[in-house]
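Student: Next come the chains, spelled out residue by residue.
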Amino acid sequence: MPDKPTPEKPRPLWLRLIIGRNLKRTLIRAALLGVLALAFFNYFLVPARVSGPSMEPTCHDGSIKFVNRLAYWRRPPQRFDIVALRLGSWNLWRALEDLVAGHGNSRAAYLKRIIALPGETVAIVHGHVLVNGIALDEPYVINRFVWEESERKLPADQYFLIGDNRGMPQELHEHGPVDADRIVGKMLR
Amino acid sequence: MLRRIVILLAVAGLLLLAWWHFFPNEEDRIRKRLASLAATVSVPEKPSPAGTLLALDRLKGCFTSDVVVEVDVPIEGRHTFNDRDELIQAAAAARNNARNFKIEFLDVNVKLDAAKENATAELMARVNRPGDRDFYVQEFKLKLRKQDKDWRISHAETVRVFKQ
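Which chain is which? The protein sequence lines are A and B, in order. Quick note on numbering: our numbering labels position 149 of the first sequence as 149, and the sequence is numbered without any gaps. Quick note on numbering: our numbering labels position 135 of the second sequence as 135, and the sequence is numbered without any gaps.
Note that these hints are calculated values from the structure, not bench results. Beta carbons are placed, not taken as given, at the ideal position from N, Cα and C, and that holds for glycine. Each hint should be verified, as a subset may be incorrect.
Straight-line Cα separation of at most 30 Å, BS3-like style, residue types lysine-lysine; simulated pairs [unchecked claim]:
| id | chain 1 | residue 1 | chain 2 | residue 2 |
| --- | --- | --- | --- | --- |
| 1 | B | K146 | B | K102 |
| 2 | B | K60 | A | K153 |
| 3 | A | K186 | B | K60 |
| 4 | A | K186 | A | K65 |
| 5 | B | K141 | A | K153 |
| 6 | B | K143 | B | K111 |
| 7 | A | K24 | A | K65 |
| 8 | B | K46 | B | K146 |
| 9 | A | K186 | B | K146 |
| 10 | B | K116 | B | K143 |
| 11 | B | K32 | B | K60 |
| 12 | B | K149 | B | K163 |
| 13 | B | K102 | A | K65 |
| 14 | A | K65 | B | K60 |
| 15 | B | K46 | B | K116 |
| 16 | B | K46 | B | K102 |
| 17 | B | K111 | B | K46 |
| 18 | B | K46 | B | K163 |
Only some residues are given here: those of chain B computed to face chain A with a beta carbon under 8 Å [said to hold, decoys possible]:
| id | residue |
| --- | --- |
| 19 | V68 |
| 20 | D72 |
| 21 | I103 |
For each label pair, taking beta carbons as the anchor points, the in silico distance ranges come out as [unchecked claim]:
| id | chain 1 | residue 1 | chain 2 | residue 2 | range |
| --- | --- | --- | --- | --- | --- |
| 22 | A | E120 | B | P49 | 36 to 44 Å |
| 23 | B | P47 | A | N132 | 49 to 57 Å |
| 24 | B | L54 | A | R21 | 57 to 65 Å |
| 25 | B | D134 | A | G102 | 52 to 60 Å |
| 26 | B | P74 | A | R25 | 49 to 57 Å |
| 27 | B | R99 | A | W93 | 41 to 49 Å |
| 28 | A | L188 | B | F135 | 40 to 48 Å |
| 29 | B | D57 | A | E120 | 49 to 57 Å |
| 30 | A | E148 | B | I103 | 31 to 39 Å |
| 31 | B | R78 | A | W93 | 42 to 50 Å |
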């Protein structure tokens with residue numbers, strides 16, 4: 001008479017909580033979740049750590065912000081948008097290569113505010129921004145040093161960007177015209 | 001049957017990796033060259049005189065003798081190094097004044113010409129001190145030329161995000 005098959009011992013609760021009822025399915029789900037998370041946080045919503053004081057008081061040094069990479073899919077960037085400007089190509093495969101090579105996250109960006117749009121003229125007089133000759137109302141600027149910037153007309157493919165912290169020396173604050181293709185997304189507040 | 005396929009795939013993968021390792025293409029050779037340059041220009045916490053001399057010697061081999069390096073960075077302004085000797089002198093002075101920083105070349109994009117004798121590379125240089133969370137980044141555009149089967153930089157310039 002053949003032996004009865006030995007019934008499988010039930011898995012302990014803690015093990016079931018970790019691997020679920022079926023280990024293979026759990027692993028497949030975890031892998032899919034990992035791929036989706038990677039795609040989401042690289043292509044759609046990119047976390048960024050703020051470094052430096054140029055966007056104070058709006059963005060504090062060391063704070064974490066998120067950049068919406070789909071913000072300009074349907075419409076162009078607008079005045080007063082805080083945007084991320086890429087440094088480098090932001091090529092995902094290069095970023096993955098750098099990660100695998102042990103360089104960590106190799107993507108870096110500037111976070112700045114758009115104050116003038118393509119085709120407009122922009123100048124800074126005694127710390128105040130003039131767009132097309134009219135002073136811009138900037139409630140987010142708390143302190144102003146006496147910055148001066150001669151008037152210039154922006155080409156069709158450039159925006160003028162600047163940080164909110166005008167209470168610092170002008171030469172220490174990176175700002176100016178930027179090519180439109182450098183803008184990779186809009187910062188979420 | 002499935003096991004045989006998996007073994008065949010694994011062997012094919014290993015052979016491919018070995019091929020890439022022993023017969024790298026030109027783009028890979030340029031990347032390795034640039035990675036080696038980044039390691040060479042990094043400065044340890046306590047550089048020895050012998051280590052410095054070796055690094056400067058290696059640095060010479062990374063550039064053509066007529067290399068032109070144009071640097072235009074905020075606050076420091078513009079400066080041009082007109083040949084390799086001038087560049088190596090500046091590097092030696094920089095190594096004497098700065099300690100313990102690491103340079104990495106990231107996001108390296110390489111384009112070769114049809115003859116595979118000239119190439120351009122765009123990359124981002126990241127400089128930081130080990131253990132420090134903050135870092136400095138700068139984009140570069142490089143032109144490379146093949147000399148004696150080795151890739152060397154013939155022109156380098158910084159790329160400014162904010163136009164003047």
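Student: Run every hint past the structure and note whether it holds.
Tutor: Cross-check of the supplied hints:
| no. | hint | result |
| --- | --- | --- |
| 1 | B/K146 to B/K102 | 27 Å, holds |
| 2 | B/K60 to A/K153 | 44 Å, violated |
| 3 | A/K186 to B/K60 | 43 Å, violated |
| 4 | A/K186 to A/K65 | 10 Å, holds |
| 5 | B/K141 to A/K153 | 27 Å, holds |
| 6 | B/K143 to B/K111 | 10 Å, holds |
| 7 | A/K24 to A/K65 | 36 Å, violated |
| 8 | B/K46 to B/K146 | 34 Å, violated |
| 9 | A/K186 to B/K146 | 42 Å, violated |
| 10 | B/K116 to B/K143 | 13 Å, holds |
| 11 | B/K32 to B/K60 | 16 Å, holds |
| 12 | B/K149 to B/K163 | 37 Å, violated |
| 13 | B/K102 to A/K65 | 27 Å, holds |
| 14 | A/K65 to B/K60 | 42 Å, violated |
| 15 | B/K46 to B/K116 | 40 Å, violated |
| 16 | B/K46 to B/K102 | 13 Å, holds |
| 17 | B/K111 to B/K46 | 37 Å, violated |
| 18 | B/K46 to B/K163 | 38 Å, violated |
| 19 | V68 | 23 Å, violated |
| 20 | D72 | 13 Å, violated |
| 21 | I103 | 11 Å, violated |
| 22 | A/E120 to B/P49: 36 to 44 Å | 57 Å, violated |
| 23 | B/P47 to A/N132: 49 to 57 Å | 55 Å, holds |
| 24 | B/L54 to A/R21: 57 to 65 Å | 60 Å, holds |
| 25 | B/D134 to A/G102: 52 to 60 Å | 19 Å, violated |
| 26 | B/P74 to A/R25: 49 to 57 Å | 54 Å, holds |
| 27 | B/R99 to A/W93: 41 to 49 Å | 35 Å, violated |
| 28 | A/L188 to B/F135: 40 to 48 Å | 24 Å, violated |
| 29 | B/D57 to A/E120: 49 to 57 Å | 53 Å, holds |
| 30 | A/E148 to B/I103: 31 to 39 Å | 35 Å, holds |
| 31 | B/R78 to A/W93: 42 to 50 Å | 33 Å, violated |
Checked against the numbered hints above, the structure breaks hints 2, 3, 7, 8, 9, 12, 14, 15, 17, 18, 19, 20, 21, 22, 25, 27, 28, 31 and satisfies the rest.
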